[in-house]
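Student: Listed below are the residues making up each chain.
Protein chains: 2
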Amino acid sequence: MSFYKIILRYKGTQYQGWQKQPHTSQTIQGQLEKALKKISKSDEIHTIGSGRTDSGVHALGQVVRVQIPLELEPLSLLKALNSHLPNDIECIHSENSSELFNPVFDAKDKTYKYLFSLNGRRNALVDDSMTCLDRPMDIEKMREACELFIGEHDFADFYTVGTDISSTVRVIYDCKLHLEKQQGFLGEVYPEHYIFEVKGSGFLKQMVRLMVGTLWNIGLGKVELADLKMALNSPSGAKLAAVAPSNGLYLCEVNY
Amino acid sequence: MSFYKIILRYKGTQYQGWQKQPHTSQTIQGQLEKALKKISKSDEIHTIGSGRTDSGVHALGQVVRVQIPLELEPLSLLKALNSHLPNDIECIHSENSSELFNPVFDAKDKTYKYLFSLNGRRNALVDDSMTCLDRPMDIEKMREACELFIGEHDFADFYTVGTDISSTVRVIYDCKLHLEKQQGFLGEVYPEHYIFEVKGSGFLKQMVRLMVGTLWNIGLGKVELADLKMALNSPSGAKLAAVAPSNGLYLCEVNY
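Protein sequence lines correspond, in order, to chains U and D. Here the first sequence is numbered in the UniProt record's numbering, starting from 1 and rising by one per residue. Here the second sequence is numbered in the UniProt record's numbering, starting from 1 and rising by one per residue.
Source of the hints: derived by calculation from the structure; they are not laboratory data. Using N, Cα and C, we set each Cβ at its ideal position, and we do this for glycine too. Warning: the hint list may mix true and false statements.
Have a look at the derived ranges for each label pair, beta carbon to beta carbon [unchecked claim]:
| # | chain 1 | residue 1 | chain 2 | residue 2 | range |
| --- | --- | --- | --- | --- | --- |
| 1 | U | T160 | D | T163 | 49 to 55 Å |
| 2 | U | Q26 | D | F105 | 43 to 49 Å |
| 3 | D | F105 | U | E95 | 56 to 62 Å |
Using the sequences and the accompanying hints, generate a full structural model.
Tutor: Laid out in structure tokens, this is it:
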């Protein structure tokens, strides 16, 4: 058996998330394993991703441990993958790895970004890559809220129950909101937008999207900073917001 | 009957082009007419688009004359359309129009843009919105070629036979190539890329994509500027290049 650490970039729009499912191959892991089976001409392949991105979520740097019964130069594996993967999934890095490497538990930190605009229009051209909202928000208050997320907290009010987890405590190292405006053609296509960026020790199911939804409610005056403090200090089991849509979310980087 | 001039913005990736087809509603016109039938509660609707964008081609400003047996404020029509159209098709403008307005024959000029990068990698995140190539090209020579396209020419060597047309002569008012590089998050996502921009009296079937393919062959040294001059001055019926892929093409503006 050979082990590799690879990095995938993908557009999640057409897929039902990272995790493979028995009745569809329309998942990122499903497509990756299909390609690996063809490359290795074997069914004895195994993959572990750093995290299970949801349906519609994108990645710039999803880290995956790949196990195949075939020895290849890492660059040959990368090229073989890119000739077998669909155009919206791409291998951007490949190296040899140890059997002991675990992309989930060995991660030191992960960074997610979420793109949204507030200038009030749907935008057909970028609907699959950012969320367009139509109400003005108090950005300064949202920035104060970002500060409150930083540190170690019990995020029990910021996750959706899924697989078993031993703890809902996570550490947020950095959390911020900034405005971006493009020039040129992409400026015509992409409206002026905000990027919410969060770096943490790890993230619970739908945690980033619940943080974004909460920020929006704070920006709209529906939730107060005091409510957020309370939820982070003594979780009640009640959510402060709905889950933000998946189209604006990107898993950007996982460090080891 | 009421007549409207509307402008549509759409991402063409999921559609088999503008023109409605009998056996699928996966065309832009098919989706528009489906929405109009629901809005007007009638089958007596009629639409004419300014041009038939191909499968996978996008639009920032496709102009359409809409005829429905229902009188609405133009803004109400816009809102009704946007609540019935899929997320990747959007009405961005609506006004009353005359029955005599013909979006095809009344057009004074049209502008298309084509996005491509030359930095050698597939890019899963933008594969639906630009073409990524992996060979260096002589950009200065391609800019000289752009100049040659300007003016009135018989574009018989730059079109794909389709519906009947009375002439293959068209006038190109402007044609240029420029480099764009983004900052920030979109800079991480979109590689540095070139934009080919062409404004003309009208365009034949696949004409822009054949112009782009020819430019690439000139940039690669496979076609000489003299060959392009010849093709524009005395068409031979032979093409100088294959049709460039549809994913990088945008119908940007139609003026009346």
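Student: All hints are to be evaluated individually against the structure, with a verdict given for each.
Tutor: Quick rundown of the hints versus the structure:
no. : hint                        : verdict
1   : U:T160 / D:T163: 49 to 55 Å : holds (52 Å)
2   : U:Q26 / D:F105: 43 to 49 Å  : holds (44 Å)
3   : D:F105 / U:E95: 56 to 62 Å  : holds (60 Å)
In summary, the structure agrees with every hint in the numbered list given earlier.
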